[in-house]
Structure formats: structure tokens, C-alpha cells
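Asker: Heads up: the protein sequence lines correspond to chains A and B, in order.
Add 551 to a position in the first sequence, counting from 1, and you land on the number used in the working numbering.
Add 306 to a position in the second sequence, counting from 1, and you land on the number used in the working numbering.
What the hints contain is simulated information worked out from the structure, not anything from laboratory work.
Fair warning: this is a prediction, and the values are worked out from it, not measured in the lab.
The reader is advised that the hints may include incorrect statements.
[Claimed, not checked] Pairs of lysine to aspartate or glutamate, EDC-like flavour, derived with a Cα cap of 20 Å:
| hint | chain 1 | residue 1 | chain 2 | residue 2 |
| --- | --- | --- | --- | --- |
| 1 | B | K432 | A | D558 |
| 2 | B | K321 | A | E953 |
| 3 | B | K488 | B | E514 |
| 4 | A | K801 | A | D558 |
| 5 | A | K568 | B | D410 |
| 6 | A | K1073 | A | D1159 |
| 7 | B | K434 | A | E1084 |
[Unchecked claim] Here are the simulated distance ranges between beta carbons:
| hint | chain 1 | residue 1 | chain 2 | residue 2 | range |
| --- | --- | --- | --- | --- | --- |
| 8 | A | L1293 | B | H332 | 52 to 62 Å |
| 9 | B | D410 | A | Y1344 | 55 to 65 Å |
| 10 | A | R948 | B | S453 | 27 to 37 Å |
| 11 | A | L1341 | B | D410 | 34 to 44 Å |
[Stated by the list, open to error] Selected chain B positions facing chain A (in silico; Cβ < 7 Å):
| hint | residue |
| --- | --- |
| 12 | Y325 |
| 13 | D327 |
| 14 | L367 |
| 15 | S388 |
| 16 | T391 |
| 17 | R394 |
| 18 | N406 |
| 19 | L419 |
| 20 | H437 |
Each residue gets a CB set at the ideal place from its N, CA and C atoms; glycine is no exception.
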Amino acid sequence: MDTIRQDVRYAMRMLWKHRFATFICAGALALGIGANTATFSIAEAFLLHPVPLEDVDRVVALVDSQPQRGVQNTPVAPATYLEWQAQANSFEQLGAYNWDGVNFTGDGTPQKIQDFLITPNFFSVLGVQPQLGRDFLAEEGQPGRNQELILSYGLWQRRYASDPKILGKTVKVDGKPFTIVGVMAKGFDYPMSAEAWLPMAFDAKARVERDNRQLWVLGRLKPGVSIAQAKAEMLTITRRQADTYPDSYKNFQLRAMPLGEYAAGDLNRQYTLLLLGAVAFVLLIACADVANVQFARVSGRQKELAVRAAMGASRTRIVRQLLIESILLSLFGAVLGVFLAQWMLTLILSHMPPDIARYIAGWKTIHLDLGAFLFTFVVALASGIISGIAPSLMSSRSNISETLKESGRGASSGRARHRLRGALVVAEVAMSLILLVGAGLLVKGFHALVSVNQRYQPETLLTLNLDLPAVQYPEKSARVTFHERLLESLATIPKVKSAAMATTVPYANGGGASGARFSIEKRPLAKREDAREAIMETISPSYFTLMNIGLRDGRFLSDADGDKTQPVAVISGSLAKHYFADENPLGKKVRVGEDDSNPWLTVVGIVDDVHYNWLQKEDIPTLYRPYRQNPPHYTTVVLRTDGDPKVFVSAVRAKFAGIDRELPIYEVKPLDVVIHESTVGIGYVAAMMAAIGVIALVLASVGVYGVMSYSVSERTHEMGIRMAMGATGASIHRLVIGNGMLLTGIGIAIGLPLAFMLARALSSLLFGVSATDPFAFIGLPLILGSIAALASYLPARRAVRVDPLTALRYE
Amino acid sequence: MTESNGTLIKMEGVKKVFYTDEVETHALSEIHLEIHKGQYISIAGPSGCGKSTLLSILGLLDSPTGGDYWLNGQPVSKLTISERTRIRNREIGFIFQAFNLIGDLTVYENVELPLTYRGTGSAERKQKVQHALERVGMAHRVRHSPSQLSGGQQQRVAVARALVGDPLILMADEPTGNLDSKNGEAVMELLRDLHRNGATICMVTHDERYANFAERNIHLFDGRIVEETREVSVGA
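Just chain A, same shape as in the assembly (with noise of 0.2 Å):
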């Protein structure tokens, strides 16, 4: 201990002996540490804790996925459900949930209310029970005797004020009494942004269902039974049942993950991975940074060094020495990089809005806590290790006896040593181009989703939902009647240009539009599981005019398409293309379902494509029906305004409530609004990776300029030598730049294959991104080229300047 004190004492005395490079060192470390502990601290509670309950290690989520589609998860049907739970032997319980929304009226303003459906057990198999009140009974799991509800902490507190008499209260759900019978704790909101539960309950239909997927289930397991064991059990019922029921089951595979890993979601995990990978790449560039420094101290310290080994002090002791200097240099890179993570944690936080941050599994329990030091001091421990072992053990193995010569040099590790700091220098490049690309490819996709929806001229469209209950509007004649109305009433007010609706539209309810099946007339189908799907929209006519969504061929919907008339629809380009591609669509008829019941739908037109929401890659197929065939219960309305949105609310609220006094509306969001939340989560990850892109960039440089700037101060004497003889400024200046540019052109060559793996990655990820994009792999290497070039250019500007006599008494 004593003699690590002294080494240590020592160490700091030389990390302020060299204060200047000290503080470049720590600032470079302090950058790629700060990032390091902020990704993680997002990544530990996107990926470790998305779920803060106890005990949640021993609760499983059972989904289908369908590889062949690329479909991660999808729900399963009741049948599935309780033939699972009837023959699992492996979980204490099963039990499931389905989404849910519903209008709470009756006892205030009415409120549309995320709820979810869940089985009785289902706090049970969480592990949970209610703060206040009590569970679900296992019979309200019956149909007619699901009558009662529990309300979340957060919906307790504002709806109700706490009210401690909340119990028994009986409170209108979609016109149906309901009875309030617990309040769960403060945070519980599983499913994410759970703001009700309601007892579900199948009926004698229900429980033979196997095509109506719409139950998601987890189950507890039993005490010394594994995943991979009750995956394995899963699988044989699984396997069972596609064998029974070939038609409901084929193309489906079941997946048995941790409760955690499926909350926190597969998209959510990649890109906090690829934002982990993107950090640690900038944090090793940094550490290259500091390792070329440590090697240029180290080489000014070699008789030190030689004299301490003559001493008696072994290589493991002169490393030790060594390593503790560059490790206190990472600690207080780290000291540096926490306060810098708190700031960048602070910044993430507070620009994500509400909204959305409600649905972000772990969101809420983002925070530099005990775990994310530690992680920052085992970080900084390793950069210590990473940036000090090279030079370290570099500079131990010179030759003493040389370097402890008047004029001795130890130069026999001299020529390992430019060699390793060029190396060094090449994976700069290489990381930092790697990221640029990453990052570059990013922005222009984000650019991209950005532009493609700027046709809507989202900035004058006013968004809202709303749900009409079939218990006050049963008949489809009612909810022609309420549209018709409320579109002509809110068309009325000042300013609002028009007004019209759709089931969803573009970027909505988090980008998420139903899709169905649906049948072409005269066309069945060879097998069941090459069912045609498509979006299925129910607008108003003047939906596509507001939206500005153009018209490809035939015509548009119109006021005439009604209930009395031929029924009509109009498709999506890429529906067309998809379904029609040898004949014209216009004239043939098409069946939503493949219920005979379903009337068919003459195709009258053909629009443009629509983007939903930031995941899609490709278009989608759509079928728009008119709403007077067609009326919905589940409507978004959208106005045209002259101006700011946001001004209308007020009065759009009013025209409500002169049509429907109980009916809430929800989701009142000027439509670039919504597209900003449905897309903030990729911005995020843009921004980011913009940022790590170019520090990257800045450290690289840094790198590069210093490893030249050094070159040339041990070569100054050669310098001197050279312009004796007659070497011309400009051949000194190519003589260094075109050494750094060696070392660029290398790291770039070695770099851009691997950019160009990242590429491909990421354009089957995103929107707009294109593996083989010019910038990122013409522009990009030329920027990172002339950056080099410039850092290159700066210390040749200094060896020009060298006077050849005073070079020449260098030695």
C-alpha cells in the first residue's frame, strides 16, 4: 500500500507537472466517458429495469412471431390462451391482457381513459395487488360479471383526488356502470400507461377463437423451473396445436422471453445497442487520444524511466507506475464525464414529451444511480488501462543501458512505437468514419421521414380522437348522423378551411393503423395463409383534398357515396401495384374480410400513399371506404386551419358539446405535433448519433494532428538535414501531410467496408437510409479527409519553419 501511495502521489504530481495535457486528456475521456455512463444509464433502464417490479426475473412473456413477415410479436387468440393454461405445467399461473380505451363519464368532464383488459389473476402472475381495495375475483372473469374496475394511482389522484371513499363508487365506462374496487400503487402502470384495469371475461364464442389475436400472455413460472425448460414445454403444446389446427397456427412460432426483454421491446433494444456500440467507439477513440499523449510523455520520461529501472524497479513495477498515472487520469476524466452525463440525461429527459415518455417501457427510472458509478468507475478504470498498457509497456522494455547515455535515446522501441502510434491513428479513423457514416445515414433517414410527411402541411392540420360508444350509438344510421353533423358544425368555424375524418392518420396513436384482410372478386385465394392485408380506412370525402393526398387515377369519394348507393372504395397506389399489377384496378371489386356477408366494394379510384409512421419501410397497402357506407365508432377528425392549431381547440370543444355532451375527445394535437412524438424517439437517436459523430470527428482530428505534431518535434534534427541539403518548404509540407494523409487513407480504407456493414444494417431499419448513399461513403471520407489533412497541414506549417542550424544542434 505504501508504495502505491507513493506511486500515486507521484503520478499526480506529473499529471499536474503536465497540467495542460492533463486537462486535454481528461476532456477527451471525460467526453467519451460522460457518453458512455449516460447511454447506459438509458440502456439499464430500457434493457434491465423496463419493468420495475420485484421479482420479475420469474414472469415469462408468451407470444407468437411470425419470421417469414419479419413480425416479432403478435397477440394470440382465446382459444390459444386457455388451452395454454389448461396444459402448461411449467408457471404457477397464466394469465393475459388485451388493449383497451374506453370514456369515462357520468362523475365529471368525460375523459377517454387508456385502460387494459386483464384475466382476474393477472396482478397475480406480476406479483402485485392493489394499494387500496382488493383484486379481481376470479368470477368476475365471467361474462355479465365483469362490472368492476381499478383505477391506477395516477388517475386516482387527478380524476378523483384521492379520494379515500373511492371504493364501491360506481363510475360510467362506455355508458356501462362499472364498480371501482381497488387503486393500485403509486407507478404501477403495466401495461405501460395503464390508467385502468378491467376484468376481461370470455364468452362462449370467445373461448373457441383461434384467428382473433388479441391476447398477450405472461406467466409466472414455477419455483425451480427455467425459461428454457417452460420454453421447451410451450413448444410441444405449441407444436400440438399447429398440428390440430394447421390454418390458425402455420407461419406462427412461439416466443418465451423474460418479462423485461419483451417490455422493453426489440426496437428499443437495437437502437440502445447501436447507441451503446456508437459510445464505446467513441470512448476507445479517445482512449487513442490519450495513449498517443501517454506515448509522447512516456518517450520524454525515458531516462526517468531507465534510472528507475537501474534502481532496481522491475517492468511490472515501472508499468504499474505508469498505468496508475493514465487510470488517475481516466478517474478524473470520469469525475469530469459524470457531470457531463447528468447533463446530457437532464437534456434527454426534458425534451421528450410527456405523451410519449408514458410509453416508454423504463423511461420513467432513467437516472445516474448507483449502478451507472460503478459502471463509470469500472469505464475509467479500463481506459486507464486501455490508453496506459501501450505505452507503458513500450517505454519498460527500452534499453537502459542506452537511455542512460548522455545523449541516449533508447531507441531501440522507438520504431514500435510510431508504429503503434500510426496504428493508433488508422483506428481513429477508422471508428470515427465508421460513426460518421452511422451517424450521417441517421440524420438523412430522420431528414427524409421529416420531408416525406411535409405534404400534409402538418403545421396547419388540427388532430383529434374520438370513440363513440355502441351503447348510445348502436345503429349505423346514429353515427352517420353524428358525422355529418359534427363535420358540418366544426366546417363552420371561423378560419377552420375544412374539416374531415379518417380512422387514423398519418403518425397517429404512436404511427399505428389496423390492418385486415380483405378479397379480390373472382380471385379466391390457392392458401390461406397468402391472405391479402391492407390498411382499412373509413374517411370522409374530403379527407384526401385536406391531406393533401393526390389523385392517381378515377376519382375521389364523394358526399354521394352513401348508404343507398353502390358501395364503393378507393385504393392505394401501392394496393394497385401490389394486386392489380397487370390490369386496371378501376371497376373490380374487392371484399373487406372474407366474410360472404360483406358486400363488395367497387374500386372508383386510386390515391397516393400515405406514410404512417417512422418504422415503415416500404408503402402500404390501403383501401379508404367512405363513411356513410361505412360509419366507425373509432374516428380521428382532422381540420384545416388558417393558422396555429392550437388556437382552435377551445372552439372545436364547444362544437362537441353542443353535438355530444358526454362524449370525450381526446388527443387534441396539431398534426405536426403528433408527428413529432411519434417520431422523437429516432430523433433522439439522430441526434445522438449526430453528436457521437462528431466528437468522433473532433477526437480523431485531435489524434491525428497530435501523432503529427509529434512526429515532427522528434524529427526536427532530420527535419534540419533535409533543408541543408535543399529540401523546399513544399516538399517538407508533403513530406508530413502525406504522412498523415497515409495514416487517414488506411483507417478510411479499412474503415469504410466496415461503414458500409453499419449501412446496411441500418437501411433495413429505417426509412430513407440507403446502404450504398454517396454522402455517407463519398462525402463523409472526403470531410474526414480534409479534416486530417488540415491537422496534418498545421505541424508541417511548423516543420517548414524549422531553421536548419538550430535543427541541426538539436541532437
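Use these hints to put chain B onto chain A, whose structure you have.
Answerer: Using the frame of chain A, we list chain B on its own:
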């Protein structure tokens, strides 16, 4: 510690060849040498004759290309790097022409260095460092840094550093080379005093005056021992 016959160092047929690209440079050839405990030996010769190379090999800072070398009865050719390091630390004290004090350490810390690497406890270190500095008359400068000392004072500190671990032999490489004549003579007097008190010293010098301080003078030329005189000189 020494062999029964008092031989501390024995070399037989030692040679050293440097290989640079395709050029072989024979720095030492056929060196036969014995140094007994308590002897004061000087190695003299013109510049480039191999004096420092021989001293480096004697001090285990370098290895011979051929021949045999026993230090304190132990053949050194088979020693591992860590064993050589340990012997350097415990049995050899170095004094260099350029002093080679570490500029970022104080006088005390410089002298303490060999004991630190030996793992000596702090209290014992303190006592030994104090004693060594007193022997060279530098005890009053413990907190100074080398840059605050004159050349002669720096070399005294270097001598203290060489002495502090009670080595079997002191290896001095041109100890007066960077000093003026007054300081040079003072350092030589110091070495003579140490020798009188029992220290074994092997010194490289090209200065005949200082070579005569030793009781044995070896003359090197082109890497070979060409002459050896054994008369004890009184010195200038």
C-alpha cells in the same frame, strides 16, 4: 555474501557485439576480469573503447554476447530479468556521469528510490536515507529538488542514492564527467572515503588523474583489456 576467496566479480572471455542492420560492432572482446571485495578499480581508456559498455554489463544493465560472468559466485547469464533487477536493486549501486536524478522527485525521494523498490518499510527507509545523506553531507537538502542543487551537490545525492541500500559494489560511470575540477575532486574524495570504509568500487573514467584514485587500473582499447596496473596510488 562473497565467495570464500573474496572474489566478488569474475568475467571470463566476455564479449559484446552490437548488430546494427548489417554491421557488427565488437564493443568488447575477450574480457577476463576479477574484482575482489573491498577493491577500488578504475576502468580507463579513450572514448569508444568500451568502458561504459563493460560497466553496463558489470552492473547488469546489459548482457554480454558471449563469455561467462559470475557476480558474487552466481553465474548471471542464466538469471531472469526479474532476478537481474533484484540483484541490481540489492547488490549494486550506480553513480552516473549525468547524475540521473529524477527531476520530479525531491532529494529525499531520489535517495529513497532503491529502498522503495526493495520494499523496505517507511521507518527504516527514513533512517537509511538520512544516514546516506549525512555520509555525503547533503542531509540539509532533503526537501530540495535536484534543479535547486549545483552539479557537485547533485552528484553527492547520486552517491547517497547508490549507497543507501548497502550494495556489494558501487558502479561509477564517469562520476566527474559533468563536474568542474573542484567538484570533481570533492566527489573523488568522497569515493575514496567510502572505499576506505570498506566499499567495493568500480569506476569508469577517461581522466588519468581520477583513475589513479583507484588501487587497480584497467586500460581498455578497442574493447580489449590492454593493460592492468595494481599499484595503489595516493591520488592528486
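Asker: Are the hints correct? Go through all of them and say.
Answerer: Evaluation of the provided hints:
no.	hint	in the structure
1	K432/B with D558/A	17 Å, holds
2	K321/B with E953/A	17 Å, holds
3	K488/B with E514/B	16 Å, holds
4	K801/A with D558/A	68 Å, violated
5	K568/A with D410/B	9 Å, holds
6	K1073/A with D1159/A	26 Å, violated
7	K434/B with E1084/A	90 Å, violated
8	L1293/A with H332/B: 52 to 62 Å	39 Å, violated
9	D410/B with Y1344/A: 55 to 65 Å	34 Å, violated
10	R948/A with S453/B: 27 to 37 Å	29 Å, holds
11	L1341/A with D410/B: 34 to 44 Å	35 Å, holds
12	Y325	12 Å, violated
13	D327	12 Å, violated
14	L367	4 Å, holds
15	S388	6 Å, holds
16	T391	5 Å, holds
17	R394	5 Å, holds
18	N406	5 Å, holds
19	L419	5 Å, holds
20	H437	18 Å, violated
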